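Engineer: Chain A is already provided as a structure; the job is to place chain B on it using the hints.
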Amino acid sequence: MSSLIVQRQTLKFRARNYMAFVFTPRAPIAEWLMDLDATLERSRSFFAGHAVALDLSAVRLSPNGIAHLLASLAERNVRVLGIEGIEPSDAVGLPPLLRGGRGMQDFGPVEPDPVPASAPAAEGAPRTNQQPASLLIEDPVRSGQSVAFIDGDVTVLGSVASGAEIIAGGSIHIYGTLRGQAMAGVTGNRRVRIFCHRFDAELLAIGAYYKTADEIDKSVRSGPAQAWLDGNTLKISAMN
Amino acid sequence: MNDKKSARVLVVTSGKGGVGKTTSTAALGAALAHLGEKVVVIDFDVGLRNLDLVMGAERRVVFDLINVIHGVAKLPQALIRDKRLENLHLLPASQTRDKDALTEDGVAKVIAELRSKFDWIICDSPAGIERGATLAMRYADAAIIVTNPEVSSVRDSDRIIGLLDSKTEKAERGECVDKQLLITRYHPWRAARGEMLSIDDVLEILSIPLLGIVPESEEVLRASNVGSPVTLNSPLSSPARAYFEAARRLKGETIPMYVPSESRGIFNKLFGRKAA
Numbered sequence: 001m002s003s004l005i006v007q008r009q010t011l012k013f014r015a016r017n018y019m020a021f022v023f024t025p026r027a028p029i030a031e032w033l034m035d036l037d038a039t040l041e042r043s044r045s046f047f048a049g050h051a052v053a054l055d056l057s058a059v060r061l062s063p064n065g066i067a068h069l070l071a072s073l074a075e076r077n078v079r080v081l082g083i084e085g086i087e088p089s090d091a092v093g094l095p096p097l098l099r100g101g102r103g104m105q106d107f108g109p110v111e112p113d114p115v116p117a118s119a120p121a122a123e124g125a126p127r128t129n130q131q132p133a134s135l136l137i138e139d140p141v142r143s144g145q146s147v148a149f150i151d152g153d154v155t156v157l158g159s160v161a162s163g164a165e166i167i168a169g170g171s172i173h174i175y176g177t178l179r180g181q182a183m184a185g186v187t188g189n190r191r192v193r194i195f196c197h198r199f200d201a202e203l204l205a206i207g208a209y210y211k212t213a214d215e216i217d218k219s220v221r222s223g224p225a226q227a228w229l230d231g232n233t234l235k236i237s238a239m240n
Numbered sequence: 241m242n243d244k245k246s247a248r249v250l251v252v253t254s255g256k257g258g259v260g261k262t263t264s265t266a267a268l269g270a271a272l273a274h275l276g277e278k279v280v281v282i283d284f285d286v287g288l289r290n291l292d293l294v295m296g297a298e299r300r301v302v303f304d305l306i307n308v309i310h311g312v313a314k315l316p317q318a319l320i321r322d323k324r325l326e327n328l329h330l331l332p333a334s335q336t337r338d339k340d341a342l343t344e345d346g347v348a349k350v351i352a353e354l355r356s357k358f359d360w361i362i363c364d365s366p367a368g369i370e371r372g373a374t375l376a377m378r379y380a381d382a383a384i385i386v387t388n389p390e391v392s393s394v395r396d397s398d399r400i401i402g403l404l405d406s407k408t409e410k411a412e413r414g415e416c417v418d419k420q421l422l423i424t425r426y427h428p429w430r431a432a433r434g435e436m437l438s439i440d441d442v443l444e445i446l447s448i449p450l451l452g453i454v455p456e457s458e459e460v461l462r463a464s465n466v467g468s469p470v471t472l473n474s475p476l477s478s479p480a481r482a483y484f485e486a487a488r489r490l491k492g493e494t495i496p497m498y499v500p501s502e503s504r505g506i507f508n509k510l511f512g513r514k515a516a
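Chains as they are written, first to last, in our numbering: chain A, 1 to 240; chain B, 241 to 516.
Isolated chain B, as found in the complex:
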């Protein structure tokens, strides 16, 4: 036994900003760690870092990804262990530098070193299609494309899917990066009224398999304000349960997908937690 299965490098990307990449990285990372996996989440948004805030680690950042790339610190010095889940670590981005400080070789070395220590390496990509985003995806085995069910987000996600098939090492080797769609901020009644795209519309345009549907919820904002991934802060809320199911699907379980509807909102009101 003890035959270590190889680590899985996931990139959480979208193209469009503000759709839920950082929220999803934290939520999925925490969910996987809760399920027993050894997880590290990496913030690639150099200069505009948010993952440390959402994880509640902003007061413990000493060294960051850029420091490690430039040899100023060793990787263990920069990794921050989560106080609630011992299997969960964070590698924060720099706030004072910008994406030009990232180098391809530097990122490759960091990911190679992390592969030997963790089961899951989740890269939180910045928005856009430039250096930060392309470096976050470069060494990925698989991608989670986060999309809101509205036209700008869908088109930007389509662009990112095209880039995953050309700007990654796997694509350059002739292999295919596994892509899965995570629909976030889904409003059941807005879709019904035609104010937002339906799940079917989004799937028809993007043509990639669906990982999960996360409903719009106030719990997400509450969780990020207290610095805790939503799956830790309110695990019974509807977004948290969607993220847990998505994490289990990532691990290979087959869980039937259902489209969130109003009734879950009632459940949420009965069992929702308040922010501390």
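The following block holds chain A by itself, in its conformation from the complex:
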């Protein structure tokens, strides 16, 4: 009789590209936290489901200070994916050290792409020397896919499924039905809009202001619509 031979496999490692919002705290931390609270008051769990990276290069914090900051952020439902801008020796026991953060390039649905992780600025600092840029997606965006393009507008020539999300630094244009989430102006540009051929979205956001499907008037559904910021209010209206 043959005996059972168990073959051990060598693991294959792949690199993957993720998008994260970056918090860049400034001294004094207590005041920065108060500013953060003021922002969160308008959209309480905006960052809750999303990866946040912490850039500590603008402050000098002791290991205790970093731990305290992480705890304060956790209280506010902000989960830190990684930290950059500190010495490796200070990073013991903390979320992983991030390296190579740079401006976002366009990339499509998040799946294997061997490029080091990069993180965009998401708190109002305007980006300088921008080339006009836009991302065009010709296929439908499927449930579970996340399209992020911080450098400009995103245009989709199909529908965006329930459970999918589009994240853009500029405006979002959907020539199909929007059933998922659309978040425009994530870098702080307020003069952006979201347009769709047929509105059935789960969530819309411009900058840090968002509305869920529940909060949006039913009369806008199932037809062409646009969303924009009026002061501090996200407005949605039918386009006919």
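Hints in this document: simulated from the structure, not taken from any laboratory.
Because the structure is a prediction, the values reported are computed rather than measured.
One side only, chain A facing chain B, incomplete, derived with CB under 8 Å:
#1 6
#2 143
#3 158
#4 163
Built from N, CA and C at the ideal position, the CB exists for glycine as well.
Structural biologist: Frame of chain A; chain B shown alone:
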């Protein structure tokens, strides 16, 4: 002549559980074998195998896919030939192990070996989006997405379609896995009353070509209880005829699609077979 055309690897997948993947794998496999093709159906649902039951082979399982992957058995030892159709074979899953026992290289080797022996290799995917499902689709040339006309199933199918475009070898090479939609458990009167999504609703959301529409029928349950694919057990029933048409479309025939309506139910009552 005798220039063997290359085998076609199909994955039958859905995301959602219980929509009819195993039923459809067995029905289509049997239909293709009946039409003269050499077919093997593979059960990728390690630990919760069902394809052997639906095919009526549960008392003849000696070796399974996991045994072959781990070198415990050779592929011919694990393949079970169907007693009714000599062109139809089954490669069962293990019931005692789980999906962690599957390996990418192991699956690749099994599929490569099967390609030289069969015209059609149909992989019955488990539900979900994890290892069993992603390995079932990994080496596929084409996919059949099984969907019930209701919202949860449609959204899960959409997710699976996204994964077919990223987690398959074909997608990684920059090619496209052919995708076709098989709508199952269709109730004509429920759609008319708005209790279920209509065919048009489903197609509008999923945007892939339609392979067939299989109506809801008691024949499916009867067939699986006697361990026979519905296309063998009651070939004149409405689901069986839908599966035969789908099989012929897979082979490249153009058959007009029509949406099942109540009148087929009457036909079924006149000519339906009883379970043995």
